[in-house]
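Asks: Okay, here's what each chain looks like letter by letter:
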Amino acid sequence: ETGVTQSPTHLIKTRGQQVTLRCSSQSGHNTVSWYQQALGQGPQFIFQYYREEENGRGNFPPRFSGLQFPNYSSELNVNALELDDSALYLCASRRELSTDTQYFGPGTRLTVL
Amino acid sequence: TQLLEQSPQFLSIQEGENLTVYCNSSSVFSSLQWYRQEPGEGPVLLVTVVTGGEVKKLKRLTFQFGDARKDSSLHITAAQPGDTGLYLCAGASGNQFYFGTGTSLTVIP
Numbered sequence: 001e002t003g004v005t006q007s008p009t010h011l012i013k014t015r016g017q018q019v020t021l022r023c024s025s026q027s028g029h030n031t032v033s034w035y036q037q038a039l040g041q042g043p044q045f046i047f048q049y050y051r052e053e054e055n056g057r058g059n060f061p062p063r064f065s066g067l068q069f070p071n072y073s074s075e076l077n078v079n080a081l082e083l084d085d086s087a088l089y090l091c092a093s094r095r096e097l098s099t100d101t102q103y104f105g106p107g108t109r110l111t112v113l
Numbered sequence: 001t002q003l004l005e006q007s008p009q010f011l012s013i014q015e016g017e018n019l020t021v022y023c024n025s026s027s028v029f030s031s032l033q034w035y036r037q038e039p040g041e042g043p044v045l046l047v048t049v050v051t052g053g054e055v056k057k058l059k060r061l062t063f064q065f066g067d068a069r070k071d072s073s074l075h076i077t078a079a080q081p082g083d084t085g086l087y088l089c090a091g092a093s094g095n096q097f098y099f100g101t102g103t104s105l106t107v108i109p
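Sequence lines, in order, name chains A and B. Per my numbering, the very first residue in the first sequence carries number 1; after that it's consecutive. Per my numbering, the very first residue in the second sequence carries number 1; after that it's consecutive.
In short, the hints are calculated from the structure, not lab data. Here a beta-carbon is modelled for each residue, glycine too, at the ideal position from N, C-alpha and C. Errors might be hidden in some of the hints.
Stated by the list, open to error - With a Cα cut of at most 20 Å, we get these calculated EDC-like pairs of lysine to aspartate or glutamate:
| # | chain 1 | residue 1 | chain 2 | residue 2 |
| --- | --- | --- | --- | --- |
| 1 | B | 57 | A | 53 |
| 2 | A | 13 | A | 84 |
| 3 | B | 70 | A | 100 |
| 4 | B | 56 | B | 41 |
| 5 | B | 56 | A | 84 |
Unchecked claim - Which stretches of chain A does chain B cover? Using the computed rule of at least three CB atoms under 8 Å from a CB of chain B, they are:
| # | stretch |
| --- | --- |
| 6 | 43 to 49 |
| 7 | 103 to 109 |
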C-alpha cells in the first residue's frame, strides 16, 4: 500500500465523451504526476502538479488537462475522447518536486468504445 | 525527448535461473529508479540509485547505475515465480521522470 488512491478503478466511455479521473496523494506529498500506460508498455508522462500549479507537461494535446486542489489531491480531465485514449492512467505522488522517489496509485483503466 | 530503452523486451525463464535486464539511454539522469508492475496494478518502487557506479542489493536483486549515469542494469539471481511481472526503469531529470519501454519477465515453475 502506497497511500495513493485513484478513482474510479475502471471506466468505459464512448468516443467524443469527456472523462474525469481522480487521485488522492499520499499524506505529506505536494507533487502529483499523471501517466498514461498502454498495454505492455512503459508509462508516458502527461503532466505534473506542484502546490496547485502545473509544473511540466509531456507530449499530450490540450484536451488533456488537470487540476490540483489545496489538499494536493488531483484530477485529470480528458475531452473529446478518442479510441487511442484507452489505457491505464496512473498517478504518482512525492513529497517534494525535487524528491526522486514517487509512489504510484493502482491506476484507472479507461476503455473508449 | 529522453528515451530509455530496455532489453530484452520479453524474457521467459525457468525457476532457479539467473537473468539481467538492461536500461540504456543517451541522456544523463540525476537518479534512476526500478519498478515492478503486476497486471492491472500500479508500478511498485524497488530501488533508487543516485551515484554513478552505485550498486545496490535487495535480497536476490542487484541494481547497478552506470558510471556516466546514462544506463542501469538489474540482475536477478535464482529467479522465482513471484518475480514474474513487468520491470520498468525510470530516469529522473529536471524534476520529471522518463520511463523505459519495460521488460516483461515470466518465471516458469
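Asks: Against each hint, give a clear statement of whether it holds in the structure.
Replies: Against the structure, the hints come out as follows:
no. : hint          : in the structure
1   : B/57 to A/53  : violated (37 Å)
2   : A/13 to A/84  : holds (12 Å)
3   : B/70 to A/100 : holds (16 Å)
4   : B/56 to B/41  : violated (25 Å)
5   : B/56 to A/84  : violated (38 Å)
6   : 43 to 49      : holds (count 4)
7   : 103 to 109    : holds (count 6)
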